[in-house]
Every structure is written in C-alpha cells, then in structure tokens.
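Asker: For reference, the chains in residue letters:
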Amino acid sequence: MEKILEVKHLKKYFPVKKGLFRRTVAHVRAVDDVSFEIKGGETFGLVGESGCGKTTVGKLILQLHRADSGKIVYCGEDLCAMSGKQLQKKRSEVQIIFQDPYGSLNPRMRVEQILSEGIIKHRLIPKEQIPARVAELLRLVGLHEGDAKKYPHEFSGGQRQRIAVARALSFNPKLIVCDEPVSALDVSVQAQILNLLVDLQKELGISYLFIAHGMAVVQHISHRVGVMYLGKMVEIAPTEVLFKEHAHPYTHALLSSVPVTDPDKIPEREVLEGEIPNPINPPAGCRFHPRCRYACEKCSCEVPQLREIEPGHMVACHYPNVFREKGKEKIAASEEEKG
Amino acid sequence: MSENLLEVKNLHVAFFQDGKLADVVRDVSFEIKPNETLGLVGESGSGKSVTSKAIMRLIADPPGKITGGSVMMDGMDIFALPEKKMREIRGGRIAMIFQEPLTSLNPLFTCGSQISEAIRLHKKCSKKEAEEQAVEMLRLVGVPSPERRAKAYPHELSGGMRQRVMIAMALSCKPSLLIADEPTTALDPTIQAQILRLIHDLQKLNGMSLLLITHDMGIVAENCDRVAVMYAGEILEIADVSTIFHSPMHPYTKGLLKAIPKMNEKVERLYNIDGMVPGFNELPKGCAFSSRCPYCKDDCASTPQRLEYVSAGHQVRCKYCRNLEQEA
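Chains A and B supply the protein sequences, listed in that same order. Under this note's numbering, residues 1 to 339 are what the first sequence spells out, in order. Under this note's numbering, residues 1001 to 1328 are what the second sequence spells out, in order.
Errors might be hidden in some of the hints.
[Unchecked claim] Dumping the calculated DSS-like pairs for lysine-lysine here, alpha-carbon to alpha-carbon at most 27 Å:
#1 B:K1262 x A:K39
#2 B:K1258 x B:K1297
#3 B:K1266 x A:K244
#4 A:K89 x A:K127
#5 A:K18 x B:K1151
#6 B:K1258 x A:K202
#7 A:K3 x B:K1123
#8 B:K1258 x A:K265
#9 A:K265 x B:K1297
#10 B:K1266 x A:K265
#11 A:K202 x A:K244
#12 A:K244 x B:K1258
#13 B:K1254 x A:K265
#14 A:K265 x B:K1262
Hints listed in this document are in silico derivations from the structure and should not be mistaken for laboratory results.
Chain B with its partners taken away, still in its complex shape:
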C-alpha cells in the first residue's frame, strides 16, 4: 500500500517565550502509511510531543502557535477543518495515549464510565450499550475481571493496569491512527514488555497505523517499521529501521547509537556527545547540531541544512553526510 494515511508537511510550531516567538518545531515533514509504525525518537525538548499535539490540533494558542505547514489525514487538511469536525477526528480517527496514565485519567470517574463516555461521543448508542462495550474493551486489553475493574477508580489500579485502561479508551472507536507518546516510560521493564506486546497485537487486529514517540532506541528497534530522529525541533534523519541502526548517515544518529550501553557488547568507555542540546533562543542559523558535531565545517552553523534524500526512503539533514566515512 502506497497511499499515505497521514502526511505532515513543513510543520512549524512556535511558542511565546519572554515576549518572543521561539521556534520549537521547524520544518517537520513525514508520512505514515496504513498499518505502518513510525518511530519518532529524540531527547527531551526535541519537539516530539509538540509535533504529535500539533497533529491533533491540541496546541494551546496562546502561548503556542502553528506557524506554518500542513497536516493531511485521509486527504483532509486538519488545520482547515472546523472545530466540530476536528472533534470527530480526535478520538474517532486519531487517538492518543500519554506517558503518565494517572494524570491523563480523571480521578473522579470510574474507568468504565470514562471509556463509555468516549464511545458515546463518537457513536450513537445507549448508555448501557456503551458500558457493555467498555467492559468488552477492557477484556480486549487484558484487564483481569473487567466487569469489576470497570467500576474501579483510577487510583485503585496499578500503573500497568491504568495504561491498559488508557489503551482501551483510545481504541474504543477503532481509530486508524494511534499516537502513543512515551507509552511505557513510566512502567517497569516486565510491564513495559507486556504493554508493547499488547499494542502490537491490537495494531495487527484492528489494522491501524502507529506513531510511536519514545527516547528509548531499544523500543524503536523492536517495534517500528520506519524511524524519524528529531533534534532541537528538526528531523535530522528518516529511514527504515534497519538502515537507521546499521547504516545511519547523520552524525547525531551515529553518536546517539554509540552512546547507548548495549547488552551483549562490552565497551570500556561509552561514546560521548560533548556539550548539550542548545536552548531554543540560542539556536544557530544553520544546522542545530553543529555546536556538538565532531565533523562540523565552517559553514555548518551559518547555512540552513535541508532534509535530502540520500537513497530511496532515506532522508538526511546534513550535506556532508556522504563524506563522513572517509574523514573518520
């Protein structure tokens, strides 16, 4: 299938900071095909979550502002839709799950009523039918004794169970795209493995696409078809997952992969990326990574870099990336 489900083109998002607009997301473009999983990786503050919120049109204005670009979902221009239509898409066609399930669930309502509320907003059905469907959803996501848990309040459940409730709610209207923003970061490793497997199984069952936002390269390697690497608000590299891990081209991706300690591979010292992510007020005109790049050239910091194809399906935002091998 080559038709794209979601197309993000030249997205720009800015936030007001000290009376000035700071460009938090700059020139972000990617597409997601049906049934595909795209991983969006980057360090904190790289703009991954802002990008996902912009797709859902959830950026509060002010202080935020979508300053350019377009998001097409199923051929519809998300930014041009009236708010009423957008509400149907939110939760209906595109659903979202967040990192911390406790803060995204309402503590005053039972889990069952929160799921059935979502169902009734998008489907015409009686309250009773919606409640039955909510129990069915809880069963689907592997919550033991779902009838009882539907009557439980969020604080009565463990972290893993809460995340299951979030997933049940997100999938209750059979969305064609699920945005998962660090879905397992707050969970323990054995529970993380359970949740990731659950998302994977449900994705196959319902035939939906997944935008998986994470900072964990291991999760990306195991769950994604394609990967976009973000840094300081820009996408620096997009490719399919094995290209990213076996032949990355951008110096940041290379450094990032060398900096993670790996199981089954003992190294004396980890690779250091010196320095730290620049603040949004101190970004250079050119490449955002130039201040930390070991291969930085004279003109890197002054001339803007474009995301360009180096081979089919592999885009890199670095014009010197082809010559790095020889230099090293």
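This is chain A alone, in the form it adopts within the complex:
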C-alpha cells in the first residue's frame, strides 16, 4: 500500500511564560522527535496516557498548530512548508473528529448548515446539488434525511458523533484524525460508532489516525499501533504484534493495567509505580526510566532511538524484551523460595 502520510522527526515545544514581561522561562516538550507513517486505507492507532502528546500530534497533522521542526509529508507534499493558501486546499482532504460531540457542533446551526458549510467554503459541488449531498451524508452515517432541519441539541451523544463524522466526510477526505471519538460515549453506543467507522473505511477507503487511551478499542479498530510516552514514540508495531509480542516495558505496563472482562482469567498485574513526570522537565536519557523497574545506568543518560527490531516493529528501548526474561527470572526465584 502507498503511504498517505509520513511524519518525520516532528517537534512541538510550547513556551511557558511567566512574570510581568511574559518572558519564556521554559518549554513544554509536547511532541519531541516523533516519526511514523500511515498507509492508504489503514487505521493507525495512537495510544498513551494524558499529557503524552497524542492530541498535539493530531493537531499538528491538521496544521492547527505549526510544528517547530520536522516534516509532515501528505501525499508527497510537506504540509509544514506550505503557506496559508496552499494549505487551505489540502485542509479539505484531512479532517478531524473530536472527543466531545457536545462541544464540537455549533448549537446555533442546523444540521444541514453544519454539513454544507465546508462544501460551500471549498466550492466542492454546485450549490443546487448541496441538499442531495447532505441527505446522502446523513444516510451514510445512519441518520434520517429529515434530521437535516434539526439543531444539535435535539440529538443524543451518539447521534451527534454521527453528525461529526458526516461533517468530516462532507469534504471527501483521504485521512481523518479521530481524537478519542468514542471516549465520551456509552458502551452500547460506542460499538455503533466503531462499526460505522469500520464500514466507512471499507466503503470509501479512508485512512484513520485513531487517537485513544482505551487499549481494547484501539486493538479492535487499528491495523498498526504507536505507543507514546511523554512526547516520545516508544513503540510502533502491527496490532497483533504489539498486543502479543510488545518489546517496550512501558507498553507492557500499559497493557497490563487494562482490566480484563473475564473474572476467571485475571492476570498477574504489573502496576507501575509513580506518576507521569512533568513534560517541562522530562527525565534525562530514556523518559520512562524513573518508572521502569528494569532500568539501569545506560537508561538514565542515553536517549534510546526508535529502531527496527523486526520488520515493521520499532522500539525505543536499550533493552527491548528484557522484561520478559527478568519476569521469568522473578517467577523462577519465587518458585525456588516456595520449593
């Protein structure tokens, strides 16, 4: 498959301003040297805890923030190097769905206005075809044509998220950034939206960048997954590999902290000590080392680079897979004690 998006060494530091003259005293290193790619028709899942920079990556791709350095190559062109006018054209091809369907729809606009605003702005189709297009979009996301005259408050959370999906689709995008699209929804409605996204991908061949913190949801929908920690990408792998043969200790801890939905199969849990450090002053070396129980001296001074350990499986860790052996050692030791 062809690459639709390539992110290379992306960096975004937000200044922290203080005092009377609003001098910059420090930087929040929200995204620090992140690289990945998304292929056509693929879903790339991006997971991590709050503050790890996953939403910032999404906003950088849409150029809602301008990157400090690095490249975002979309269909062969670098979005970061484009001027405002050139960008506007490209913007219609990359769309976003936000987490909160209550905050992301204008309460004073009817659904038909919400869906046609972008079409009119970008002159995508002749004016007289717009009502038909709105009806088609509504049908596509499982709503009724009659809903076009309603206001957002007349819909439930799940239906609003459908409207948000329809708005993104109105531009015929090639890539949709889904920023926690189901986190605010109830379980039974969440399944409806996830199914809708999968169906649309099959029908229209759209690629998704799926940002979420729910691991089970990401596993369900993604083809490949990237794990972020404190502004750094720590592991990228195809979904099956990441969930079974992950090599980074943070990925291991993150997966281990997810509750399983079977009361008889509760696994031995590795609960991470401590909290996520402040991104203004991240730890030296590997950013995960203060919370990593397998860390040694090298980890605290040398930054591990993202490298390929198997085709398609990249890890930023000096000692990938070491937790498996150490874990085994621990089990063996405890068994010896018992024996």
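Could you slot chain B onto chain A? The hints should help.
Answerer: For chain B alone, kept in the frame of chain A given last:
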C-alpha cells in the same frame, strides 16, 4: 457471613421535570454483606449515582424525592433517622468517593485540614491529634512525603494524588461501607490500576464493604464479588460476577457484554444494541429495555416485569429469559 450490612428494598426516587415527577430510580432492591464488593453497572443516566446518593440521603428535595422503599444499614432504617443521627452515619459508617476529585475537594483549604475536619466531626480529639491522624491516613494511601502533602492545596496535586486524598478522607473514620462512584473514570490507565489496587488493599485491611459504581465492565470483572446491572432506573439482573460474565440471562446484559471490544479476542464487527436509552418521559409501562430488545414479545412493553430468581443468588427482570437460548 450471611447477615446483611446494607439492605435496599424497593427504592423509588423521582425528580421534578417540567412540572411532572419523572421516576429516575424504580423498584431497586439489593443487599451488601460485610466485606463484600457489589458492582453497580449501567450506562449514563441509568440511575446508579442517584441510587447511591439516596442511600446517603443526599438527594436534594426539591427537585428530587425519595418516593418509596427503605434502606436498612446495620438494622437501622436510614430514611427514618433524624438528620443529626444521619450526620453521624454519613462519613462515619458510610463514606463516599466521587469521580472528579478536584470538584469534590475544597480548593480553599489544604488537604490535611480537610481530612482532619472529617476526623474531628466524628471523633473526639484535639486539633493536633486530628492533624497527625490526617498525615497518617495520607501515608496509608501511599502519598509520598505525606507531611508536606498535608499542607498542599488540591490544585497542587495530580489527579491520582487527589483521588488518594479523597480516599484518605473517606477512610479516616473507618467506615463499614464505602461507596465509590466511578472512582477511576477521570484517571489514566496506569494510575487507575494503582487506585483500584489501593482500594482493594484497604478494603482487606479495614474489613469494609464496597459499593463500586462504574460503567467499565473490566473494572467490574476484576474487583467485584456480585454485580447488579442497571438500565433506565431499574436493576435488570443481579448475580455473582462469574455468572454475569459467563452465563448472563437478561438480553441487555448479553448485548452489553458482546458490545465491548475485548483484548485477546478479534472480531470483525462489534455487536450493536440498536437505538438508545429511552428518556424518562418516554418509558414504556412494561420492560424499559423492550424498545431495543431483539427478543421483544407483544406484551413486553405493556406489562411490568418483576425481578425474579432464576437460580440461587441470580435474579433477572425478564420473564422470557429462560427461553432466549432456544430462540437464538
């Protein structure tokens, strides 16, 4: 132990809405034994939080009203107690922690003073003793350098730390029942695992019962002994945790479990429960789930369903639940 610590019987709670009473909680009955964890699961608006507030008698009247039923705690009728006695129970015998620790802590007081306030309300002790106990509680819930954190204001702490402070406050008077209303929903997965383990350890240490309210089936599976599933203000099914997950009987429970994406299990499409939760003004006379139920019969929407035993300890609110297997 078979003595029940808490018994909720036929609880009804209504709220005034557009001049009419809307029944938000209907005919809710369950009991909690000492040292037991009961999970209360349901989607938003299913009445889980209202139920827990009714147990604490925290429903503001108006607009809310407890319209029927009883809550017995240790043999005492909670709804018949005078307000003064109720204050002793609140925080003393039954404690509560909420979802968003930032809004439930007072931003104007230090964490230490808020915990010692709770201690002094329920125990006779000097201010200094209470403050020392507050620091001790913070140490117990795993707050690093508790002496320093006791002097910190809530905004100076992270979400996980704030929730620890809430837990320290709730447990400071050694309650026999802790109500945890979505205690980890606002937290990150690794912090969530820390807090859940902490609650579990403290429960064992103090020997208390837990009413755990959540919408996350994973949390229920790992932390509860028994589970009550709520939908649109009613309990649809109660059973022990492995029965709920391995042989659920109510069509809603079945659908809910199929609708969650599971780790280690790849499915092409998730199961859809069509439609959405009905509003409280548009509830049918009969089964609240009838409008979305794939097995709905002609009389489901018109005749009220009762919560009935299908086997020992397993109650289901669906009279057709035994025949579903054959139909499918």
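Asker: Looking back at the hints listed earlier, which ones does the structure fail to meet?
Answerer: 7, 9
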